[in-house]
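2 protein chains.
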Amino acid sequence: MILEICKKAKAASVQLAKLSTEEKNAAVCKMADALEANADQILAANKKDADAAKVKGLKAALLDRLALDNRKIANMAVCLREVAEMDDPVGEIVKTWTRPNGLLIGQMRVPLGVVGIIYESRPDVTSDATGICIKSGNAVILRGGSDAINSNVAIGDVLRDALVETAVPVDAVQVVTSTDRKVAEEFMRMRNYVDVLIPRGGADLIRTVVEKASIPAIETGTGNCHIYVEEDADLDSAVPIIINAKCQRPGTCNAVEKLLVHTTIAEQFLPVAIAALREKGVEVRGCQKTAKIVQDVKLATEEDWYREYLDYIIGVKVVKDLDEAIAHVNKYSTKHSESILTSDFDKAMRFIREVDSAAVYWNASTRFTDGNQFGLGAEIGISTQKLHARGPMSVRHLTTTKYFILGSGQIRK
Amino acid sequence: MILEICKKAKAASVQLAKLSTEEKNAAVCKMADALEANADQILAANKKDADAAKVKGLKAALLDRLALDNRKIANMAVCLREVAEMDDPVGEIVKTWTRPNGLLIGQMRVPLGVVGIIYESRPDVTSDATGICIKSGNAVILRGGSDAINSNVAIGDVLRDALVETAVPVDAVQVVTSTDRKVAEEFMRMRNYVDVLIPRGGADLIRTVVEKASIPAIETGTGNCHIYVEEDADLDSAVPIIINAKCQRPGTCNAVEKLLVHTTIAEQFLPVAIAALREKGVEVRGCQKTAKIVQDVKLATEEDWYREYLDYIIGVKVVKDLDEAIAHVNKYSTKHSESILTSDFDKAMRFIREVDSAAVYWNASTRFTDGNQFGLGAEIGISTQKLHARGPMSVRHLTTTKYFILGSGQIRK
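Protein sequence lines, in the order shown, are assigned to chains A and B.
Residue numbering for the first sequence follows the numbering used here, starting at 1 and increasing by one per position.
Residue numbering for the second sequence follows the numbering used here, starting at 1 and increasing by one per position.
It is possible that some hints are incorrect.
It does not matter which identical chain is meant; a pair holds if it fits inside one copy or across any two.
In silico lysine-lysine, DSS-like type, Cα no more than 30 Å apart, as pairs [to be verified]:
no. : residue 1 : residue 2
1   : LYS59     : LYS48
2   : LYS280    : LYS331
3   : LYS413    : LYS72
4   : LYS59     : LYS280
5   : LYS8      : LYS347
6   : LYS10     : LYS212
7   : LYS10     : LYS347
8   : LYS212    : LYS182
9   : LYS331    : LYS8
10  : LYS331    : LYS10
11  : LYS212    : LYS8
12  : LYS7      : LYS212
13  : LYS280    : LYS413
14  : LYS182    : LYS56
15  : LYS18     : LYS347
16  : LYS18     : LYS320
17  : LYS10     : LYS320
18  : LYS280    : LYS72
19  : LYS72     : LYS47
20  : LYS331    : LYS212
21  : LYS298    : LYS331
22  : LYS48     : LYS72
23  : LYS331    : LYS289
24  : LYS18     : LYS331
25  : LYS320    : LYS7
26  : LYS59     : LYS298
27  : LYS95     : LYS331
Source of the hints: derived by calculation from the structure; they are not laboratory data.
This one's a predicted model, so the numbers in the text were calculated from it and none came from an experiment.
Looking at chain A on its own, in the form it has when it is part of the complex (with noise of 0.2 Å):
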């Protein structure tokens, strides 16, 4: 079943690759609409999820997640006209030029040609994917987790029915209906299908795909972000930031985890910042000599320093200087966000260089990290990968290149 899936996904990819940008944003449209149209229908079938989530017992944050409501669909229809807005990468001349013997070589952007997208409970990202990979004229199969089944599958059925009367091929949407653990592994060894798998989702579904997937696969998402303060810096608007980058949001990926603080200062500012941190509600789990300044810190563990929280926790560690905090993100970090806070524009520099990872901040918030707030647009995902693309993922992300070659009779030397 999963193979049929794969080969119609490919049959749908050649047709689309050959459209026309109007005709694409049409089709986006068109889903836009209609979700709007079928929205009761879409409810529906996410109540099912939604009940069925509730006898499970699914904690709060992942109810919420999960939820569908009339606001939320009407996002889900702006987020497509948006990626309708957006400019199309396909078919751009990336660059030409002349060789001594003639030969006219040029670079043209052309679309991945299948994504595979598996995902964890949000049903909204059924919609989104379909539309950034609609764009950017890719076929999309959509996995989704058992949770949000029915949502999936009720939004996936709306998409699909409002292509029928545009260029887009209707088979360049699918959602898998099942749920089967099995199913999904033999979905991501189909490599001779599908160009692409981006995973979203938490650590354990983004290790499986790593393990089990042949298809190259682009990693997203988790972030352990930290945020070093070092002695320099402005102490006053430091606060603000690790306040925002904890607590805006503390559920998302772009969330600081962790916060390293100068030695120098950690007298004068550790006491402040856990004082605020703790107003919000926040735990602070902290090193040693963080327990010594500040009275009721729980010790962090080893485990500590690499978790994701994703919840109102922080971890926090003195450091001795510039390097140790930089030597501490390296090893810890999943390599996504983090910010420096200093007033020396060299050691921003050295952090911003030596930190390897996809988004290095100066004096800001690691919150910015999001396809919307680079000004990049909707984005698939965030890539914690060095391959292919790093950081926010768009449209223009989901294409390749291929290189023409035009002669006039040319051969080899």
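Fit chain B to the given chain A structure using the hints.
Chain B alone, transformed into the frame defined by chain A:
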């Protein structure tokens, strides 16, 4: 043991990433000098490999790839010096822009980190790959085949010795001395230390890497390349192009393996083309129609259409039109290089757009798919996959980007 190698490489990569272009160039030139100065030592080791290979009964083509001489060593040195002269992509600011909230966002080009090369019998890959990796700021781990192990170790020793008095750490270059398959498979899973794996070799090697590796890999090299002759092609230039693509160096990945001919011109063109091929000693395996038109053509099997011969063999098929040609190529090719011979611009453009390969030619030999021939400089392989890099990969393709974000206390609203 492989774990130790990987840890040392990671540590070396951190130092290497900080070096200036001049420091890296000086080290690469030192390595070139050292190869020439120690040619005898390398040739002695190579003789052991060559003798063992003869005893083992290796094919002539493989013996030829394995055997070094003073000319080949001089070429290895030349290749290193050319790499030293290439532009350094590291540190390049790809672009910068400012957001309404005042954040300055930019993208900076940085090395990947640690590159793993898994290759077969050509010992010159040891130094060629090392030069490109060091120039791009990456540490390299080289795991060559057992046939060339003495040569590879000797070359590695010479290159490492040359680094002693340079700014590049010696452990930036390491040759895996074990040829145990288990060790190779362990190596392919060192995801925490190695950033990318580049297999260079035959289809079996590539398949093993795809199956066993958890490190992101870039598929290279296998080329089941096609030339399609349209009914309106200039047949006088078609024959030399086909002969060049097949016979100039049949053992290379960009040599043509299949010839597709439009049915309208088959009776006129095939006897001429096949006679010319046979005169060069090429065995022709054809479809039913080809066998009807030309005498003594062995019938090609289904498996033939998938095969990369790397030999004086070619598969020939008559197709009814451009659509069938494109469909055939997209079904059987390894997505390397394909060429259409036609006098019609629109047909050429359709073939270029719709054939899903790294390099698509109009009226030229497929033999030009090569870093130097494209004017990109020395290459580390030719990617036949779509992620990260497609086509000839050079220094630039061994880098990634990171975002830097400069602020003045910005927090997310």
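Hint check results:
no. : hint              : result
1   : LYS59 <-> LYS48   : within (17 Å within a copy, 66 Å between copies)
2   : LYS280 <-> LYS331 : within (29 Å within a copy, 59 Å between copies)
3   : LYS413 <-> LYS72  : between (62 Å within a copy, 19 Å between copies)
4   : LYS59 <-> LYS280  : within (21 Å within a copy, 73 Å between copies)
5   : LYS8 <-> LYS347   : between (53 Å within a copy, 26 Å between copies)
6   : LYS10 <-> LYS212  : both (21 Å within a copy, 25 Å between copies)
7   : LYS10 <-> LYS347  : between (49 Å within a copy, 23 Å between copies)
8   : LYS212 <-> LYS182 : both (11 Å within a copy, 19 Å between copies)
9   : LYS331 <-> LYS8   : between (43 Å within a copy, 15 Å between copies)
10  : LYS331 <-> LYS10  : between (40 Å within a copy, 11 Å between copies)
11  : LYS212 <-> LYS8   : both (23 Å within a copy, 28 Å between copies)
12  : LYS7 <-> LYS212   : both (20 Å within a copy, 25 Å between copies)
13  : LYS280 <-> LYS413 : between (72 Å within a copy, 16 Å between copies)
14  : LYS182 <-> LYS56  : within (22 Å within a copy, 44 Å between copies)
15  : LYS18 <-> LYS347  : between (49 Å within a copy, 14 Å between copies)
16  : LYS18 <-> LYS320  : between (58 Å within a copy, 22 Å between copies)
17  : LYS10 <-> LYS320  : between (55 Å within a copy, 23 Å between copies)
18  : LYS280 <-> LYS72  : within (27 Å within a copy, 68 Å between copies)
19  : LYS72 <-> LYS47   : within (14 Å within a copy, 71 Å between copies)
20  : LYS331 <-> LYS212 : both (25 Å within a copy, 26 Å between copies)
21  : LYS298 <-> LYS331 : within (22 Å within a copy, 60 Å between copies)
22  : LYS48 <-> LYS72   : within (17 Å within a copy, 70 Å between copies)
23  : LYS331 <-> LYS289 : within (20 Å within a copy, 63 Å between copies)
24  : LYS18 <-> LYS331  : between (45 Å within a copy, 18 Å between copies)
25  : LYS320 <-> LYS7   : between (57 Å within a copy, 24 Å between copies)
26  : LYS59 <-> LYS298  : within (24 Å within a copy, 67 Å between copies)
27  : LYS95 <-> LYS331  : between (39 Å within a copy, 28 Å between copies)
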